[in-house]
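Chemist: Each chain, letter by letter, is given below.
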Amino acid sequence: MKKIFLPLLFVLLPSVLSAATGATELEGSFKLGPSIILITILCLFVLVGIFFRAKDTTDFYAAGRGISRVGSGMAIASNWMSAASFLGMAALMYGTGYHGLSYVVGWTGGYVLLLVLMASQIRKYGKYTAADFIGDRYYSQSLRAVGAIIAILISISYCVGQFGGIGLMFKWVMGIPYGWSVVIGGTVVLAYTLISGMLGVTKNMQIQYVIIIISFLIPLFILTFKFDYFWLLPQIGYGAVVSDIVTGIPLSETQQLVNSLGHEFAMVPAPEYVMPWDPATGQTFYQWIAISFSLMVGTAGLPHVIQRFYVVPKASDARWSVVWGLFFICILYWSAPVYAAFGKVLSANPEVGRLAKDAIVVYTAQLGNVHPLIVGLLAAGGVSAAFSTVSGLLVAGASAFAHDLYVKTINPDASPKKQLMFARMGTILMAAIVTAIALAKLALIAQLVAVAFSLAGCTIFPLFLLGIWWSGSNRQGATAGLIAGGLVSLIALTYFIAGKTGTTLPAHDFISYWLGAWYFGIIGAPLAIITHIIVARLTPETPIEIRKFLIEKVHAQ
Amino acid sequence: MESQQNDYHISFFKPTTEIARLNRNIVVILVCIWTLAIFGFQIALKVFEKPTPEPAYLAYEQVWDQVRSGNAAEEDLQVFAQVSLSVLGKNFIDPVYRTALDNGLSWALNNLAGPEKGPLLKEQVTEFEKLRAGIENITDPEYVNAKKELASLSAPLLGLSEMDVRTSLISIELSSSMMDILSQESKEAIPGAMSLYLIHPQSFLTDGRILGFPFHYFYTAIFLLVLFVGLCWLYCVRTDHRNALLGIKD
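Chains A and B are the protein sequences, given in the same order. Quick note on numbering: our numbering labels position 196 of the first sequence as 196, and the sequence is numbered without any gaps. Quick note on numbering: our numbering labels position 56 of the second sequence as 56, and the sequence is numbered without any gaps.
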């Protein structure tokens, strides 16, 4: 591999360095240095995929079996850390302060539920996709098809936020309008997925994790050092920044430190940033609780997360990979608020204007006078985060389309060639749909991704939770629960879309508040579970073969 | 097998085997800790919170009646303008409130300048607005100088020193078209803006400090994540230990 990368490095380095000085504007024109970094990293992923490609299908499905628990944890973290984590969380905290922490808590706390309630049991159940589990556990081809459709919808919803992030970063790097950025970025990610989607996925995920986390952390050390905070551990050092935001930073204490636009590192007191559900942020206590709850149950119901436990060799590996995965995820989640806090101070002067919140990570580094090449690496990290997730989601969605829908329910005799064709068609179709929705720019990245979590929390989570832990859970109960959760989801999304198109529906404000698009899981998930239990108790019990399987295979050891 | 007598029924809450019972116990304990740690703390924050005004709000309350009725003394106008700048310096202000506060600030400054300096000041604000509309970059030296000049002219009138962070905000918030009168709309909007942006829900949980953080912020942003990793680790260790004791192999 050295043979390829060293000459590449020598060719690219001079042009990268010479281009570095041209990238100091927040927005603006094409940035050569960051572009080269971005392209190099994407090429690296594809090359790693080729070098570590799976030899056959068994290798592909068992990709994780040859790697350690730590490596598997890194793969979980890479798979998890999307544009929503890399760009979106800091954006939310920058815009709404303490309220944004509901996303941090929701997206990490869910792993505790996932571990104690599902991880090893899912591994012991031994299916490859969420739809497979649903179809087998509830002995229903129809439910398998519905599960596959839900998995596709969740993948699409999740991908929309990622495409938004890719579009924003391509816009920043290339200096072109957002619409074109989404189209170009979407095309690149589609090509990337089609080329590398079936290659050395797990190895790539470990490398992606390293790139993502390094690109995210380096600017933090620089910012905390530059602005005289405790820089050895920026995740703790920024505590003083948060307190400074509350009390304000007088000019006399700025030691002539300025941002890249010439404004002093000073600000008037802004306690609304730190205080919980401050009225000035427009957010409430209910929304905080609802978001964190919905994200947590959604985490335990996301098909592409659940699927990761099928490919570890043992149940104990499934458990420990969650611990390591969560730890690696937390490194990013402890760090994201640092960008938001510095962004708050560095853009405090109203003259900076309204910055696109979703790009605040990059803007903060720029405003903090971080070297343009490092900012370029940061942007490339953001794109990598989105790519690593999107490629997995597109493949997962395409698998649901080709394997669970087409082969399992429509044409069981389909040849492998035809299956592959359907998988590719599914990937392209999904990318086209996602691009079209992303162009509408419906909400912030993290909020769009949160929709997928609520959807998963209302539909898949109850099916897995009850399916694993209660033998009384039967097909009729599952169907009823799905209908209840699906209805809540439908209502919430209908009101959200109506609101975006300027249509007012009955009780619009009431429904939009209590069933917000990014937190309807707080109503939908419990309702689906209760409906499932009631209907299951009133209808014939689960066949004995399934109960026996649960006892002897899933829970006996 | 115990479960066979039970016709292969399984329920999390009614475990039929020793392993299931042990597993249920640890899961219940961990989920209880998890629930209390997340939601219990947020509920405590809500229960103990009380609206706490910033010092700027208290100052505003003392002068607003006089300002609104047009009977404000020079000091009152200065306090009002300073408080307006304290709000305008916050990142995200509702555009309606920003307009009202810009009106209040511009009008107060014009009154403080008096008939002698007022027209000259208004002329300078107009010139600055023209310059601002024409620049491509806010780092333009001519623009930066004009901004500083206008600020140094206005700051003494508002009772602000050059080292006050609010001084740097004056030039960009002044509006020549709003200097003559404090409109009725602004009079109605300003109290809402002041209470919205200057009163905050606080309690002993938000006032304490730990490692430089406000306590509640540290708890949610740092400690909870450590706790989640810790709970997961504990579950794995306990499960491995239990399996070893019972001779269970994966």
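It is possible that part of the hints are untrue.
Calculated lysine-lysine pairs in the DSSO-like style (CA-CA distance at most 30 Å, straight line) [unchecked claim]:
#1 B:K249 x A:K127
#2 A:K408 x A:K553
#3 B:K117 x B:K148
#4 A:K314 x B:K14
#5 A:K124 x B:K249
#6 B:K148 x A:K226
#7 B:K249 x A:K548
#8 B:K249 x A:K314
In short, the hints are calculated from the structure, not lab data. In this text, all values refer to a predicted model and were calculated from it rather than measured experimentally.
Chemist: Work down the list of hints and note, for each, if the structure agrees.
Modeler: Hints, one by one, checked against the model:
| no. | hint | verdict |
| --- | --- | --- |
| 1 | B:K249 x A:K127 | holds, 20 Å |
| 2 | A:K408 x A:K553 | holds, 24 Å |
| 3 | B:K117 x B:K148 | holds, 18 Å |
| 4 | A:K314 x B:K14 | holds, 26 Å |
| 5 | A:K124 x B:K249 | holds, 12 Å |
| 6 | B:K148 x A:K226 | holds, 26 Å |
| 7 | B:K249 x A:K548 | holds, 20 Å |
| 8 | B:K249 x A:K314 | holds, 10 Å |
Figure legend: structure checked against the earlier numbered hints; every hint is met.
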